[in-house]
Amino acid sequence: MRKNFSLIHRFTSLLMIFAIFSPISTLAKLDGQKNKAKSLTEDQKILHVLNRLGFGARPGDVEKVKAIGINKYIEQQLNPASINDSVADAKVKNLNVLQMSNEELFAKYPNPAAVLQVVAQNNGLDRQDLQAIRQKNQANADEMKDDKNPEKNSNEISDADRQKYQREVADLYQKYNLGRPQQIMQQLNASRIMRAVYSERQLQEVMVDFWSNHFNVYAQKAATRWFLPEYDRDVIRPNALGNFKDLLLATAKSPAMLFYLDNFESISPNATQNLVAQGNRRAQRIQEMLRSGNITPQIRQQIKDEYGVTDEQIDKRLKQMNNQQRQKRGINENYAREIMELHTLGVDGGYTQKDIQEVARAFTGWTIVDARGYRRAFTSMAAGDTNKRGDRLMRQAGIPTDTPSGTFYFNPRWHDDGDKTILGQKVSEGGMKDGLRVIDILANHPSTAKFIARKLAVKFVSDNPSEALVKRVADAFLKSKGDIKTTLRALFTDEEFFSAENYRAKIKTPFELAVSALRTLGADTNGGQIQAMLAKMGEQLYGYQAPTGYPDTAEDWVNTGALLERMNFAVALAANQIPGTRVDLKKFEAKDKSQILEHSIADVLEGEINPNTRATLLKQIEQPLPATKLDASEDEEMPDAPQMANAQGGGRNRLNRQNRLLPPSGNAEVFKVVGLILGSPDFQRQ
Amino acid sequence: MDRRYFLKSSGIALASFGLMSVAPKFLHQFAEAQTLTAKNGKKKVLIAIFQRGAVDGLNMVVPFGESEYYDMRRNIAVAKPNQTDGAINLDGFFGLHPSLKPFETFWKSKQLAVIHSVGSPDNTRSHFDAQDYMEAGTPGVKSTRDGWLNRILQTTATEKDSPFRAVAMSQQTPRSLIGRAPTISMTNLSDFAIRAGAYTNAVQGGFEAAWEENAKDGLGETGKETFEAVNFLKQANPAQYKAENGAQYPNSPFGQSLRQIAQLIKAGVGLEVAFTDTPGLNWDTHANEGNGRGQLANLLRDFGASISALAVDLGKKMDDVVILTMSEFGRTARQNGSNGTDHGHGNAMFVLGNSVKGGKIYGDWKGLKSAGLFQERDLDVTTDFRDVFAEIAYKHTGSRDLKKIFPNYAAAEKNFKNFLA
Chain A
-13 MRKNFSLIHR
-3 FTSLLMIFAI
7 FSPISTLAKL
17 DGQKNKAKSL
27 TEDQKILHVL
37 NRLGFGARPG
47 DVEKVKAIGI
57 NKYIEQQLNP
67 ASINDSVADA
77 KVKNLNVLQM
87 SNEELFAKYP
97 NPAAVLQVVA
107 QNNGLDRQDL
117 QAIRQKNQAN
127 ADEMKDDKNP
137 EKNSNEISDA
147 DRQKYQREVA
157 DLYQKYNLGR
167 PQQIMQQLNA
177 SRIMRAVYSE
187 RQLQEVMVDF
197 WSNHFNVYAQ
207 KAATRWFLPE
217 YDRDVIRPNA
227 LGNFKDLLLA
237 TAKSPAMLFY
247 LDNFESISPN
257 ATQNLVAQGN
267 RRAQRIQEML
277 RSGNITPQIR
287 QQIKDEYGVT
297 DEQIDKRLKQ
307 MNNQQRQKRG
317 INENYAREIM
327 ELHTLGVDGG
337 YTQKDIQEVA
347 RAFTGWTIVD
357 ARGYRRAFTS
367 MAAGDTNKRG
377 DRLMRQAGIP
387 TDTPSGTFYF
397 NPRWHDDGDK
407 TILGQKVSEG
417 GMKDGLRVID
427 ILANHPSTAK
437 FIARKLAVKF
447 VSDNPSEALV
457 KRVADAFLKS
467 KGDIKTTLRA
477 LFTDEEFFSA
487 ENYRAKIKTP
497 FELAVSALRT
507 LGADTNGGQI
517 QAMLAKMGEQ
527 LYGYQAPTGY
537 PDTAEDWVNT
547 GALLERMNFA
557 VALAANQIPG
567 TRVDLKKFEA
577 KDKSQILEHS
587 IADVLEGEIN
597 PNTRATLLKQ
607 IEQPLPATKL
617 DASEDEEMPD
627 APQMANAQGG
637 GRNRLNRQNR
647 LLPPSGNAEV
657 FKVVGLILGS
667 PDFQRQ
Chain B
-6 MDRRYFLKSS
4 GIALASFGLM
14 SVAPKFLHQF
24 AEAQTLTAKN
34 GKKKVLIAIF
44 QRGAVDGLNM
54 VVPFGESEYY
64 DMRRNIAVAK
74 PNQTDGAINL
84 DGFFGLHPSL
94 KPFETFWKSK
104 QLAVIHSVGS
114 PDNTRSHFDA
124 QDYMEAGTPG
134 VKSTRDGWLN
144 RILQTTATEK
154 DSPFRAVAMS
164 QQTPRSLIGR
174 APTISMTNLS
184 DFAIRAGAYT
194 NAVQGGFEAA
204 WEENAKDGLG
214 ETGKETFEAV
224 NFLKQANPAQ
234 YKAENGAQYP
244 NSPFGQSLRQ
254 IAQLIKAGVG
264 LEVAFTDTPG
274 LNWDTHANEG
284 NGRGQLANLL
294 RDFGASISAL
304 AVDLGKKMDD
314 VVILTMSEFG
324 RTARQNGSNG
334 TDHGHGNAMF
344 VLGNSVKGGK
354 IYGDWKGLKS
364 AGLFQERDLD
374 VTTDFRDVFA
384 EIAYKHTGSR
394 DLKKIFPNYA
404 AAEKNFKNFL
414 A
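If you're matching them up, the sequences are chains A and B in order.
The letter at position 528 of the first sequence is residue 514 when you use the numbering used here, and the numbering goes up by one with no holes.
The letter at position 146 of the second sequence is residue 139 when you use the numbering used here, and the numbering goes up by one with no holes.
Just so you know, these hints were derived from the structure itself, not from any lab.
Be aware that one or more of the hints could be misleading.
[Stated by the list, open to error] Keeping only pairs whose Cα atoms sit at most 30 Å apart, straight-line, the calculated DSS-like set for lysine-lysine is:
1) B/K227 <-> A/K605
2) A/K24 <-> B/K209
3) A/K605 <-> B/K217
4) B/K209 <-> A/K441
[Stated by the list, open to error] From the structure, some residues in chain A lie toward chain B, with a derived Cβ separation under 10 Å:
5) D248
6) E251
7) V333
8) K522
9) M523
10) E525
11) D542
12) V544
13) A558
14) T599
15) L603
16) Q670
Note that this is a predicted model, so its numbers are computed, not measured.
A virtual CB, placed ideally from N, CA and C, is assigned to each residue, including glycine.
Given these sequences and hints, build the entire structure.
Okay, structure coming up:
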């Protein structure tokens, strides 16, 4: 019986998670119609704005907003250029990847697989040797995932040789003062965290987070990491509060997205036909040879005369070309599908499989120069000696060899110039204009307005926004032709935004939790180790593999494992156990334990605490803490923590170390109170 | 009997370590309750493995007997058996990818079955939608709130259920397990604790009290369950675990996730459904897929070695365990322009266990000739994935409420493929 009751209870509470989060909304429910009486106080409105338009309040923020007024504050936030942001700028100033172009990143943080190619050349190895080394390296060769298939009968390479070549790779990194590619993401992620914590342009940072997730790119997919600093700097940030169509186009042309969703390899099957139509002699020959499966004596003779080659060489080359033709030519639909399903129309937005195929045709030829950076790594190291193979590949593709590596390039030779019909509209512009027209159609489609409006409403208002609200915001989007500022203004001035039932009704994502905790404690952070904590809580930046991006509703974030990690984050932060991050909890110190608690509640939660939580915490702090000096008793403590001897290599040592790092440097009572508050249900809400 | 009192004051590990005679009365009650739901006195375990990204079923279980297969995949076909890197012959027509060599033993001992040409009646080629539909168990319907595995748990709930009934080895609760039956998600058993060194007990006590006070809403309820589970695992002490029968788990994220599932099963924490989505393995092989070697071969090597290690390790326990693999859809029959395959339709699933009538390929095969293909490009679906799921729900987990698990679908015994005894 009890179980039945508890099931019903649980079901009911699930239904009401969002409705009864705060005592205020509970009251609102009880009072029924009297909504007006239950509207938010001015201070609550300010907190709401600081939580939703930003990553929570820092000490003193509420007073600052009060001084200028909520409306003016919102308007300022909508115009980030007007806000001085020198503190945040200074924090990220030394992260050098942020200012580098894709080509510079390829050169300065080269792919180890590309460096290995240099080593192979220095040692006179052939492709098969290289393949064998790569296979042996597989276990730790994240960068090579995307490489060409190992060929059959690859040569045997001894472990000793392989290690020698790996050492030579390491030597080259040192000799030319190069960095390992993982540093790119470490720096970029650190900048995302520090800007979210320190920037005065809070709404800008919230929207950077929103759009980075909406236009998700996964950093672990092959070469995407070299493109992500540019993606953040030149694609997302300048457009985060700009026009949606500009943003959409910027993502469509970004090497990060082109690589992540494979469009850079999407080539019209008629590409050779196009060349012929353009009167390219070489192409005509290729086509002639391919069509016949063999070449005519005349052409064979012509080639022999022109290039001074033997029949054997011609046959070999012919076979190669035949393979290349088969391997290289083809359409990839991945981006075409996701731009409609996830970036614009939404899955129920009214497109068909046929539309996907047509959009894919429109985007053929939108590609990346030297997409994996092999050519650039080569030239940077071989003392001015250019990579002949890389240049040849570029010439074959018709790309000028002085085009910088890792940049967008529209290749007319790869483009399908035929007419297309997309969402009932005829697209016959030809060339790159085909894709531009698709962007135009999609950005201005009513389904897009509705899809973006709903997503914004879920982000800023509630997990279940009303249809009426979504419609009002969608109208603003359509009317302003996708002006993001106007759309957000409609959202922030809507009465539903400030309604009591939506107050503290959103559960923070791990990123929001971590950043808001750092802000409320006025922490000093370099954004380094916080990244690992985010991964543990389930939200590694640029770490979501599927193009959907991370979910944004409580249902997706509230589970036992994740909540436990949130509590562990709270403990680690309050105890100053996160390398590169420091909090000063002195200001919470007081003679009397209950005063410590009151200070902490006032500062960390701005006084917004469930009375039950307050009562519980009061009881808890009266419990004595163990002696702060760790001695022999430490070993007796250990068996309490589950230790998986070999759950994941070295797991036990790691765990022991973590446990040993404690106790905290400061006042243990303060550590406990602040830790408990940051890990309480109340601090998970915003 | 009060479930929470039981959880707070007992360790179910006692039951599995032969300490029943000295165990308190409520432990006996728990053990008795366990026998109610299974004929042979033990609870059944279902291990669901989701290959996210859509594995290429045609290269995983290769129809080497079809010439069209080789015509359509000139660069990426797996060679015929007995050729270099060729398929492992199963029945003269189908073969395993050579990377799945460890599966051969289970095939020969008839513990392993394949269902081919299986998939969704919905023809979406969106990862997101197709995963959503398969995990919700309702193709074409997005509004289904809970997952099919959670509905199995709902229909087989008893008063004495363990908080470890359902465990996902992932940070976030997978769609399959979302729902009102309590579940746990974690990536590592050792991390499933409050980590505060000397202050662990003091801090955990504080958190427990704070979350318990908030138990009236969903957030607090989950927090409360978190601490029930933490305390439970502590007492079960799976640290003593050693793999048996010479099983060797790969040191990969996927291998380790299966190893920890084995730990939970052997620690006797009352596990009924385990879920993992092959962490570290991305099956979305749009480019440079490879044939008997290459990208997919590397993925399948980890996949095969990890699952085999689990089955070897569990040994006799496989009497009560069924391992089921699934993926949202198959991939195009033809290779694409990047030596990969794009999103397709029908796919293949593996079922492994001692109750499986293995050594057989189940499902009708319409083949790869143009007329037999779905939309002239993909392997067609001849078996609805719900018929596979339903058979497992009915015969293995003992659920009798198929209507509830698969709403608006006539799941019934007559549609079963009967791959389970």
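Status of each hint after checking the structure:
1. Between B/K227 and A/K605, the direct Cα distance comes to roughly 25 Å. Compliance with the 30 Å bound is thereby established for this hinted pair.
2. Restraint check: the Cα-Cα separation between A/K24 and B/K209 comes to about 22 Å, which is no more than 30 Å; the hinted pair holds.
3. A distance of roughly 18 Å separates the Cα atoms of A/K605 and B/K217; the hinted pair therefore holds under the 30 Å criterion.
4. A threshold of 30 Å between alpha carbons decides the hint, and for B/K209 with A/K441 the separation of about 28 Å falls inside it, so the pair holds.
5. Given the 10 Å rule on beta carbons, the hint for A/D248 holds: about 5 Å separates it from the nearest Cβ of chain B.
6. Evaluation of the A/E251 hint against chain B yields a held restraint, the C-beta minimum of about 5 Å falling below 10 Å.
7. Hint status for A/V333: holds, given a least beta-carbon distance of 6 Å to chain B, under 10 Å.
8. The beta carbon of A/K522 comes within 7 Å of a beta carbon in chain B, closer than 10 Å, and the hint placing it at the interface holds.
9. For A/M523, the interface hint holds, the least distance from its beta-carbon to any beta-carbon of chain B being 8 Å, beneath 10 Å.
10. A distance limit of 10 Å between C-beta atoms decides the matter here; for A/E525 the minimum to chain B is near 8 Å, and the interface restraint holds.
11. Evaluation of the A/D542 hint against chain B yields a held restraint, the C-beta minimum of about 6 Å falling below 10 Å.
12. Look at A/V544: its Cβ gets to within about 5 Å of chain B, closer than 10 Å, so that hint holds up.
13. With a cut of 10 Å, the hint placing A/A558 at the interface with chain B holds, because the nearest CB-to-CB distance is about 8 Å.
14. Hint status for A/T599: holds, given a least beta-carbon distance of 5 Å to chain B, under 10 Å.
15. Nearest Cβ of chain B to the Cβ of A/L603: about 6 Å, under the 10 Å cut. The hint holds.
16. The criterion of a C-beta within 10 Å of any C-beta in chain B is met by A/Q670, whose closest approach is roughly 6 Å, and the hint holds.
In the structure shown, no violation is registered for any of the earlier numbered hints.
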